[in-house]
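Trainee: Chain residues, written in single-letter form:
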Amino acid sequence: MIQIKNIYKTFNPGTINEKRALNGVSLTLEDGDFVTVIGGNGAGKSTLLNAIAGVWPVDEGSIYFDDVNVTGLCEFRRAKYLGRVFQDPMTGTAADMQIDENLALAARRGKLRLWGWGITAAERQEYKKLLQSLDLGLEERMTAKVGLLSGGQRQALTLLMATLQKPKMLLLDEHTAALDPKTAAKVLATTDRIVEEHGLTTMMVTHNMRDAIAHGNRLIMMDEGRIILDIRGEEKKRLTIEDLLHKFEEVSGEEFTNDQAILSK
Amino acid sequence: MTLVSLLNRMPGDVAIGIIWGIMALGVYLTFRILNFADLTVDGSFATGGAVCVVLITSGVPYPVAMAAAFAAGLAAGLCTGLLHTLLGIPDILSGILMQLALYSVNIFLLGGANKSIGVGKYSLCVSMLAVSISIVMEIIIAAVIIGVMYWYFGTAQGSAIRATGNNPAMSRAQGINIGLMKVIALALSNGMVALAGSLMAQLNGFTDVGMGRGAIVIGLAAVIIGEVACHTLFRKRTNFMLRLVFVIIGGVIYYMVMGFISWLRVPTDGLKLFTALIVAAFLAVPYLKGKASSSFRKAGRRGADDL
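Chains as they are written, first to last, in this note's numbering: chain W, 1021 to 1285; chain Y, 12 to 318.
No incorrect hints appear here.
Quick list of in silico lysine-lysine cross-link-like pairs, DSSO-like style, CA-CA up to 30 Å:
| # | chain 1 | residue 1 | chain 2 | residue 2 |
| --- | --- | --- | --- | --- |
| 1 | W | K1148 | Y | K247 |
| 2 | W | K1149 | Y | K247 |
| 3 | W | K1256 | W | K1186 |
| 4 | W | K1025 | W | K1188 |
| 5 | W | K1165 | Y | K247 |
Simulated DEER-style distance windows between Cβ atoms:
| # | chain 1 | residue 1 | chain 2 | residue 2 | range |
| --- | --- | --- | --- | --- | --- |
| 6 | Y | Y161 | W | M1110 | 27 to 35 Å |
| 7 | Y | P101 | W | D1263 | 47 to 55 Å |
| 8 | W | G1130 | Y | A82 | 31 to 39 Å |
Covered stretches of chain W, going by a simulated chain Y footprint (3 or more residues, C-beta under 8 Å):
| # | segment |
| --- | --- |
| 9 | 1096-1105 |
| 10 | 1117-1125 |
| 11 | 1131-1141 |
The set of hints was computed from the structure by calculation and includes no laboratory data.
Remember, it's a predicted structure, so these values are computed and weren't measured experimentally.
Cβ coordinates follow ideal geometry from the N, Cα and C atoms, glycine included.
Construct the complete structure from the given sequences, taking the supplied hints into account.
Mentor: Here's what the structure looks like:
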């Protein structure tokens, strides 16, 4: 269970660029929950993900992974509980290292890295099988540098790396936004398969309302650093884009204008 | 300026070149693997020489003196790493600060600006008095260092250092303590540089606080010359082991070229100018080659034909 209790974050406090990015966010995710997060630019979606990942400390509030309070843990210490895929395909992998070496790095997430081999023969066999499951032919190119892969291939690989050791939570930060529609659909299908296979607790930020509705068992909408909508269960299954737009107007009391173009794609 | 004098000086040049190559392995670690422009080396190279000479002249056997030089280099790199990771000082600046600090440390260690070991008084690892044996010793040391580096960068920790240099954001997300990895890599790199400094001091029979001046440029020269040579000879078949070997070869080529230039009776004061020119030339070659195969001027000419 993931518990986020009343967290606040303000960037550049006391300056003209002051931005209250998270304004008292509380959220509890049950094990196996797959929640999609939508909202306009600057609503706080990515900020929420970064707060959970520990990119910087929050100003107030606390974050629990099961009964572990991770609020005071920095990014690399928190990494042992988290699998992450980023918006930019370049971010999630080491371009100058081989495909199998990248997987081996991920397999050691949260473990002490000493002088044992960085990758073993047994691991290579295991990775070969895992790469086959992606159906991208990467199992034939295990010693190729990751920098040679396409954006979609890199995102699929990052997804595999994020889940190689079952994380307490999988964080997907608009991980298909930089891909063409066909590749994006393939990566999303792979995401669904992996999440289901391992029963992962997942949070997926997206700009695409259709994706947000089609994936996961729960949907939250953010605005001005707050969660303004939380839809789950049967209601989520029946949800349509029109419902969502209507609900947004109902909750926020505003016309859906500025972000409409981005959200209703 | 006879050919005989050029041939006569060659073994000595090779002996010096291999030492620069060993130093360049340290530079390779920070510059290429960690992606950190570490300028500490100018200081830590002289520190290695100073520690080694002071210990040998006080009767300590040379293996112990060289181990102490290595340890002194580790400490210097550790300080650079802590300046960078704990105090947030940018990479180049932390190196410059340490280089500056080490200058005083080295004078303090030597009790002056230079110190000589004295001919034939102590047994040494390498010496200009026995050049061929020295070259063999240096090759053995270089081979051991390359072997250890090859092994280390295949371990989990070595892989984490490579990942840190390649993609810090990804490394943090994979739970790598990138600050610690930088400190470890900087310490090891400067340890190797100081070890090379201790060899140079023994080879020359004396050491000088200015011995490391320009060492970073020589290190980069060796790394880059080695890379160009390795790529020319092996193309896509290069691997990590070959790259390390070619750093040593790069050091030797660099110093042979310098030897050739001084054989041409270029005044000693002009040598640094030539170092800069050689490095600039080797840096420019891959770039110009790339441009030659795909340039706007040629594209323009081809485009003009279509009219």
